[in-house]
Amino acid sequence: MEKSKSDINRRQFLKNGAVAVAALGAVGVGVNYLKHLNEKSDKILLRPPGAVDEDDFIYACIKCGLCVQICPIEAVKLAGISDGLSYGTPYIDTRKQACDFSCDAMQCVETCPTAALDFLPFKKAGENALLEYQKENPTPGPDYNPFIVQSLAMKSNTKMGIAVTNHETCLARNGKSFMGVPREDGFEGVYRSPNPKRKERKASLVNDHVFDRELCDLCVTECPIGDTAIILEEKTRGNGEKIWRPIVLDGCTGCGVCEMVCPTTPSSIFIEKLETA
Amino acid sequence: MINVKKLPPIPAKRREDMPNSKLGITFKEWKATRPNKHKWRNIRWGVLLFFNFLFWASFAFDIGILEGSLSGSRFIGIYLMDPYNALQEMFIGNRTGYFGMLTMNFFIGFFVILMFYFLLGGRTFCSWLCPYHFLAENAEKLHNYLVKKKKIKEHNYSIGIKYIFWGGFLLLAFITKNLVFENLNPVGIISRALIYGPGLLLLWVVVLLLFEIVYSKRFWCRYVFPIGVTYSAIGKLSPMAVKFDLSKCGHCRDCQDVCLVPHELWFVKRGEATKEVHFAGADCTRCGLCVDVCYGDALEFTVKGFEKLL
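Residue numbers (our numbering), protein chains in the order written: chain A, 1 to 277; chain F, 1001 to 1310.
Hint data in this document are derived by calculation from the structure and do not stem from the laboratory. It is possible that part of the hints are untrue.
Said to hold, decoys possible - Taking CB as the label site, the calculated pair distances span:
hint : chain 1 : residue 1 : chain 2 : residue 2 : range
1    : A       : Thr139    : F       : Val1047   : 53 to 63 Å
2    : A       : Glu132    : F       : Trp1056   : 39 to 49 Å
3    : A       : Val21     : F       : Met1115   : 25 to 35 Å
4    : A       : Pro194    : F       : Ile1076   : 33 to 43 Å
5    : A       : Arg213    : F       : Val1047   : 56 to 66 Å
6    : A       : Thr265    : F       : Ile1108   : 39 to 49 Å
7    : F       : Leu1202   : A       : Gln134    : 51 to 61 Å
8    : F       : Met1115   : A       : Arg213    : 57 to 67 Å
Said to hold, decoys possible - Chain A side only, calculated, beta carbon under 8 Å to chain F, not exhaustive:
hint : residue
9    : Asn9
10   : Asn16
11   : Val31
12   : Lys35
13   : Ile58
14   : Tyr59
15   : Ile62
16   : Cys64
17   : Leu66
18   : Leu78
19   : Gly80
20   : Ile81
21   : Leu85
22   : Ala115
All residues carry an ideal CB built from backbone N, CA and C; glycine is no exception.
So here's chain A without its partners, still in its complex pose (with noise of 0.2 Å):
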């Protein structure tokens, strides 16, 4: 008897179906693989500002780079191949270029379509801070400006991880003296300087600037968030010896500034990414 043609077709779609289901079956076994390589490998990818939580933020990234386009610091970057199952995903290198909130806060945040870097909240903090600040001046000085306002509270609500200082390197821990630029020859990374003497509209080299302090304190200095963040304590011992060290406080948003303008190789203090619950 001979087949029918649909016969043939019904045969071969089965035959190739039946490939089909087992090469599906061999890219889960694969990816299943893969996650418990990222979940035993100590490589930490730190995520730009509003970042979900890891598990989420895997799937919830849609790899499109719409955040590395919009970041005018060119912070955040894509993952690669090595980086196992988060090929494609930001993440951002505080050593080499951090996060300075260049953009006056929350671009990459705000540009993001999925809500992988959730926006909602830094709205939220944003309105809020308004709504005080109108509250305490009813009414507007020359001085009135709500957007520096706002933008602080959405820099402020960032927790991208937490500076963690070494002290045995730690130059200020260590009582000693800094000169001159902060990093060594041909460093591209940029930052704007918080320092209100500078004004600066745009993000220069972190080598443009040249220090002279009698004791390190560029982590201090030079945090966009301030004195909420880190602060140099000063602490005199029962020997009478006086030490300084930066504190790290609730404040610090793990933007990674200090980390990037850290003069000691490695530096003394970095990025540590938050576990969450």
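Please arrange chain F on chain A, whose structure you already have, making use of the hints.
Chain F in isolation, oriented as in the chain A frame:
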């Protein structure tokens, strides 16, 4: 209406020797009187290269007209989302409770794409925008040449398995909580490589292309690519289509030779057409190759219902 199914087959060894019933000359002679046209192909390649160039230029020169990449972008301020990625995202989001967090821009982008490709119809994205298609279309020519020279054999599979891959990748995404397909997607890989600089994953694209050249014609696009299946579904009832006019057709089937999805032109075979007018189906990429090649203008782009309005 004539009963086309009962037309006797014409005893000719080669298609070229088949007589043209209207003119009384062979197709070979008739073809010689018609110039080689590449009108639609040239327009299409122009559009494809222009938009991929725009993606690159938007980032490279910071002009911000078409930001992002092919998996999600913003065209002069309007968000556009890859529909399959969006589907996966919504599926996983339903499981993890992430769904409620998705932004308005996400849904705007999703619906803009739905509307746009509903209007254009079929897999228009494939032949008019996809950078992988551009490579694969040229690889297909090389493949056809090799087959013709008998260097390699053709391997065909059941077209239906793409639905298995479509559902399978969706299910995998749901189970593993990961955009599994996006990691394998050559379109995204090439698009990102163009915009953000090349990476090692381009090797995967090379492997796919080589496989398509030496083993199975357009393997990835025809049998796997779930984004294409999504677009097919979106554009299935589209008003825009390629119209086939049986009365003008000489059944030379040259259109099926150049067609990127020949199964959609099943009606050009003598005796297969059941109606006077047929429309190419959902897998049609609106590439216009058949429109260019047709010697009798039996195949044309049309907007359904447009003639009635006039």
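For each hint given before, does the structure comply? Return the numbers of the non-compliant ones in rising order.
Of the numbered hints given earlier, the structure breaks none, since each of them holds.
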